[in-house]
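Generate the whole structure from the sequences, applying the supplied hints.
Residue numbers for the sequence shown follow the numbering used here, so the first one is 27 and each next one is one higher.
In case anyone wonders, no lab produced these hints; they're calculated from the structure. Careful: at least some of the hints might be erroneous.
Stated by the list, open to error - Dumping the calculated DSSO-like pairs for lysine-lysine here, alpha-carbon to alpha-carbon at most 27 Å: (1) Lys-373 to Lys-287; (2) Lys-429 to Lys-238; (3) Lys-255 to Lys-238; (4) Lys-316 to Lys-491; (5) Lys-255 to Lys-572; (6) Lys-652 to Lys-608; (7) Lys-706 to Lys-750; (8) Lys-429 to Lys-373; (9) Lys-414 to Lys-363; (10) Lys-373 to Lys-237; (11) Lys-287 to Lys-429; (12) Lys-284 to Lys-238; (13) Lys-373 to Lys-414; (14) Lys-603 to Lys-706; (15) Lys-449 to Lys-373; (16) Lys-830 to Lys-870; (17) Lys-237 to Lys-449; (18) Lys-373 to Lys-435; (19) Lys-284 to Lys-414; (20) Lys-237 to Lys-284; (21) Lys-449 to Lys-238; (22) Lys-255 to Lys-414; (23) Lys-572 to Lys-449; (24) Lys-238 to Lys-287; (25) Lys-435 to Lys-363; (26) Lys-325 to Lys-284; (27) Lys-449 to Lys-491; (28) Lys-325 to Lys-255; (29) Lys-325 to Lys-414; (30) Lys-414 to Lys-435; (31) Lys-373 to Lys-238.
Claimed, not checked - Computed spacing ranges between beta-carbons, pair by pair: (32) Gly-559 to Gly-615: 24 to 30 Å; (33) Leu-883 to Gly-800: 18 to 24 Å; (34) Gln-209 to Ser-782: 48 to 54 Å; (35) Arg-607 to Leu-695: 16 to 22 Å; (36) Arg-189 to Glu-256: 32 to 38 Å; (37) Arg-98 to Glu-831: 50 to 56 Å; (38) Asp-180 to Asn-115: 36 to 42 Å; (39) Glu-256 to Gly-195: 33 to 39 Å; (40) Gly-195 to Asp-426: 33 to 39 Å.
Quick reminder that beta carbons are idealized off the backbone N, C-alpha and C, glycines included.
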Amino acid sequence: EKQFPIVGIGASAGGLAAFEAFFSAMPADLETGMAFVLVQHLAPDHKSILTELIRRYTRMRVSEVEDGMEVRPDCAYIIPPNRDMAFLNGTLQLLEPREPRGLRLPIDFFFRSLAQDQHERAICIVFSGTGSDGTLGVRAVKGEGGMVMVQEPDTTQYDGMPRSAIATGLVDYVLPPAEMPEQLIAYVTHAFARRPRPVTVPTQRSEDILKKICVLLRAQTGHDFSQYKENTLLRRIERRMALHQIEQAADYISYMNKNPKEVDALFRDLLIGVTSFFRDPAAFAVLETKGIPRLLADKAAGDPVRIWVCGCSTGEEAYSIAIQMAEFMDAVKGPAKVQIFATDLDKMAIDQARSGIFPASIATDISPERLVRCFSREPDGSTYRVQKYVRDLLVFSEHDVIKDPPFSKIDLISCRNLLIYLKAELQRKLISLFHYALNPQGMLFLGPSETVGEFHPLFSPVDRKWKIYRRLEDVSGTVRPALGDFVPPLSEEVGRVGRLRRLEREEGKVNLHALTEQALLEHYAEAGLLINGRGEILHIFGRTGKYLEPVPGDAGMNILPMAREGLRRELTTALHKAVSRKEMTQYAGLQVKTNGDFITADLTVRPVRAGANKTEQPDLYLVILKETTAAATAPPAVPEGSLDAEAGRRIMELEQELRAKEEYLQTTLEEMETSNEELKSTNEELQSVNEEMQSTNEELETSKEELQSVNEELATVNAELQNKVAELSRANNDMNNLLAGTGVGTLFLDPRLRISRFTPAVAPVLNLIQSDVGRPLSHIVSNMVGYDRLVEDVETVLDNLVPKELEVQLKAGPWYLMRIRPYRTQENTIEGAVITFVDISELKRLVDAAREARATLAENILATVRQPLVALDEELRVIMANRAFYAEFQVTEAETAGRLFYELGDRRWDVPELRRLLEELLPGKKVIENFPVTLEGERTGRRSLLLNARRIVTGAGEPELILVAIEDITVEGMPGAAAQPPEAKPKQEVPDEIK
27 EKQFPIVGIG ASAGGLAAFE AFFSAMPADL ETGMAFVLVQ HLAPDHKSIL
77 TELIRRYTRM RVSEVEDGME VRPDCAYIIP PNRDMAFLNG TLQLLEPREP
127 RGLRLPIDFF FRSLAQDQHE RAICIVFSGT GSDGTLGVRA VKGEGGMVMV
177 QEPDTTQYDG MPRSAIATGL VDYVLPPAEM PEQLIAYVTH AFARRPRPVT
227 VPTQRSEDIL KKICVLLRAQ TGHDFSQYKE NTLLRRIERR MALHQIEQAA
277 DYISYMNKNP KEVDALFRDL LIGVTSFFRD PAAFAVLETK GIPRLLADKA
327 AGDPVRIWVC GCSTGEEAYS IAIQMAEFMD AVKGPAKVQI FATDLDKMAI
377 DQARSGIFPA SIATDISPER LVRCFSREPD GSTYRVQKYV RDLLVFSEHD
427 VIKDPPFSKI DLISCRNLLI YLKAELQRKL ISLFHYALNP QGMLFLGPSE
477 TVGEFHPLFS PVDRKWKIYR RLEDVSGTVR PALGDFVPPL SEEVGRVGRL
527 RRLEREEGKV NLHALTEQAL LEHYAEAGLL INGRGEILHI FGRTGKYLEP
577 VPGDAGMNIL PMAREGLRRE LTTALHKAVS RKEMTQYAGL QVKTNGDFIT
627 ADLTVRPVRA GANKTEQPDL YLVILKETTA AATAPPAVPE GSLDAEAGRR
677 IMELEQELRA KEEYLQTTLE EMETSNEELK STNEELQSVN EEMQSTNEEL
727 ETSKEELQSV NEELATVNAE LQNKVAELSR ANNDMNNLLA GTGVGTLFLD
777 PRLRISRFTP AVAPVLNLIQ SDVGRPLSHI VSNMVGYDRL VEDVETVLDN
827 LVPKELEVQL KAGPWYLMRI RPYRTQENTI EGAVITFVDI SELKRLVDAA
877 REARATLAEN ILATVRQPLV ALDEELRVIM ANRAFYAEFQ VTEAETAGRL
927 FYELGDRRWD VPELRRLLEE LLPGKKVIEN FPVTLEGERT GRRSLLLNAR
977 RIVTGAGEPE LILVAIEDIT VEGMPGAAAQ PPEAKPKQEV PDEIK
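Structure below.
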């Protein structure tokens, strides 16, 4: 069966315009060889007209998907409302959505299934829309070797989905929809037109090409891909060649030499990994129930747990393990310190993982409970951020597992779906390396298609299906590669090694410069403390016991209550001045009581700026305490006997005043402490309120997601309705122009005979103006002459549903043909009446002219014919006669015209049988042939005659006439004798009436 590319197109709000531009630009005379599957966010309870709309823009067969429908090339398939859709074995499968509204991600769902089923034949396109639906699907398609297109954000109505897809760095083309078909056809032509070359057994030439490309990659990126499987390399290289429409590999190598960015692009393509949160949920369930409990069973309280996630890509699996560890520790109060080292070769992927921000579409992979507990929704609603308590468990680092030194003393190594891309020799080296890095009884977590292979004596399976192993000691002497194979030359990797070592001891860094300073301060400097503005001690150097002592009660690290007698007051004042004035404060010669004795000390409080910017406000303060001798600080000597009683009293007053101030300060301090307790209580209340607000915020976020989903659905419905309105507007304009162009006056009445609409041509008939719309027909005065039953006739038509037609004349003279018909809807219901007026004035004039011409012609014919002819009306009264009649019977026109036929010649024509036949001639549509009549007259003598008569139809609405022809059959020379006439008989049918 022929295989062909499948193009999945995802869109949300604003997608209809993109669909129109895309399919309108698709060549109509070209078979693309591709199938197109459109996934649009649709309202679950609204009938979609998307299929009808797409049919207008393309000659392809367009169908709304039915469950199990087989996909064929050069066809377009539209997802139905309220369904999720997946691609499986060349067919489209419809599924019930988990929730009809809220956060639904049908585009991601379809793109992922398409990538899993079609691999490199999968192509995905992301059009206009809000949110981030499609982003995870883009990563899945690219990971399977497919191609990704995204609409240029500046051409979208809503750019959320396109920008989210572009942010992955995996998009091949960013184009306006109208330019996509040309690029798409060019890509498919190069990627799928030729038969795939047999890469399972690479030829010498293909190996040479791979070596050259690997050299270019290593020279620019520093990473060696020569140990990757040839099939993987060739597929990615051919895909890049197809993107640039390059036929020959040698030309592609030249292109890489000239365009360094292409080397980076190929490097990125080779690093793309398919990943998601809790990928293979069953595997992570086994890890949670079997792996982690066994891992921590032998850990003593306080022992650190070290985990290494190798090839972590953008961090989803690393965070998944972190979430499981956090949940387990919370449940069993396990080890307090967990370090997860997540590493990857791709710096961009590591930066993204380090940020801890993921698209909102991750909700499809994470349970709602974990999503609420471990993530916070960002204000824009399109992303989630990992909670700090989970993020603090991980340390991300760029690391090449092939050549960089491994981590050591690891309890769990997760290396899933990396080994499948590497050659067997390198796989063996890495398995050996993992064994070395693991602690005894440590665990190894591999992908479902990976295994420890020949190193099975070194590992015991915890779960064979999901490839979780436990490390065993190498008691059998299994041969393993030397670890030196993984250590790069020192000259190239000193910086990297140092960086990794710093990574392993991130919580306890050792700095030689700081170590030297610390030693000097401990042995030669005065006692000092680093505090913040609240007096909390952050760091102590030197011996401070002579100046500070612990306070009974709850342990604390505030310097003020710990200050000894003689130091506390001055220390409080000095700290207050330093904080408020941002300047150094000094006190000299303080008498500090220590162990029942007093020592003399100098106090200095100096602001310290923590940042490199010296203009920043200080946030730390250095307290320096220096013991001095009494002589160094003694006041100048006073001559003996110079102090009198007055001075003594003054000293006593000052001491009393000082004690009063000390009491006041003490009271103030107590009040401050009380206030501080109240503030603490208030803070606790605020924390409680904050928790309530957080809960409310989560509910609001859920409501926001539902509203956003409804908004997208409404935007799609609105776009469809706008298209429908445009159609109706065009149809309305067409109808108006048609009615105006024909000149037919048309009046529309509702069921209550009120005017709902009319065309300008009706105005002369009924004197209508635009303000008459809505008025009853009975209120309208017409210009018709002799006709006032319009309302009654309309009611009759509506009652019996039989149209009526008649001719009416206006006061001004024009004639109109009026037709009254019921107004029928498509559902065959009667919703009023339609009256049309067709101007037939010209037709009437032509009819009259024709009648006059016909009458003139008839007169001329009658005058020309030698046989006597006479025309009778329906009462058998003579209308006219020809000259032959007057001459034959020697009568005048005055004696003949207007008289009854049987009264002519003194009633000689009053033959009962003839009279009966003439009276039956018109209603019976008969003719009279060869009726014998014998007449005797003074002027003419005895005559034998034969009469022939037939009906004459003159025109619509005109009276019918009888034409009588008289033939004289008298035998010449024998008066009174007559030839034997044929038998007279009437005919019933008259097919050849005179008209």
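Hint consistency between Lys-238 and Lys-287 [alpha-carbon to alpha-carbon, up to 27 Å]:
Satisfied, since the Cα-Cα distance of roughly 17 Å is no more than 27 Å.
What's the verdict on Lys-284 and Lys-238, does the C-alpha distance respect the 27 Å limit or exceed it?
holds (14 Å)
Practice task
Assess, step by step, whether the Cα of Lys-572 is no farther than 27 Å from the Cα of Lys-449, and give holds or violated.
Solution key: violated (69 Å)
| Is Lys-429 close enough to Lys-238, meaning Cα to Cα at most 27 Å? | Since the Cα atoms of Lys-429 and Lys-238 sit roughly 20 Å apart, the hinted pair holds (cutoff 27 Å).
Starting from Lys-373, check that the Cα of Lys-287 is at most 27 Å away, please. This hinted pair holds, its Cα atoms lying about 16 Å apart.
Subject >> Restraint check for Lys-373 with Lys-414, where alpha carbons must lie at most 27 Å apart >> reply: Holds. Lys-373 to Lys-414 sits at ~22 Å (cutoff 27 Å).
I want to verify a distance hint. Is the separation of the beta carbons of Leu-883 and Gly-800 within 18 to 24 Å? violated (54 Å)
Satisfaction of the hinted span 50 to 56 Å by the C-beta atoms belonging to Arg-98 and Glu-831 = Holds, at about 54 Å.
Between Lys-449 and Lys-373, does the CA-CA distance stay at or below 27 Å? Given pair Lys-449, Lys-373 holds - Cα atoms ~23 Å apart, limit 27 Å.
### Message
Check the hint pairing Lys-830 with Lys-870 against an upper bound of 27 Å on the C-alpha distance.
### Response
OK: Lys-830 and Lys-870 at ~20 Å, within 27 Å.
Note to self: Within 36 to 42 Å: is that where the Cβ-Cβ distance between Asp-180 and Asn-115 falls?
What the structure shows: holds (39 Å)
#### Entry: Restraint status (C-alpha distance of Lys-325 to Lys-414 at most 27 Å)
holds (25 Å)
Hint check: violations occur at hints 5, 7, 19, 22, 23, 26, 28, 33, 39, 40; the rest are consistent with the structure.
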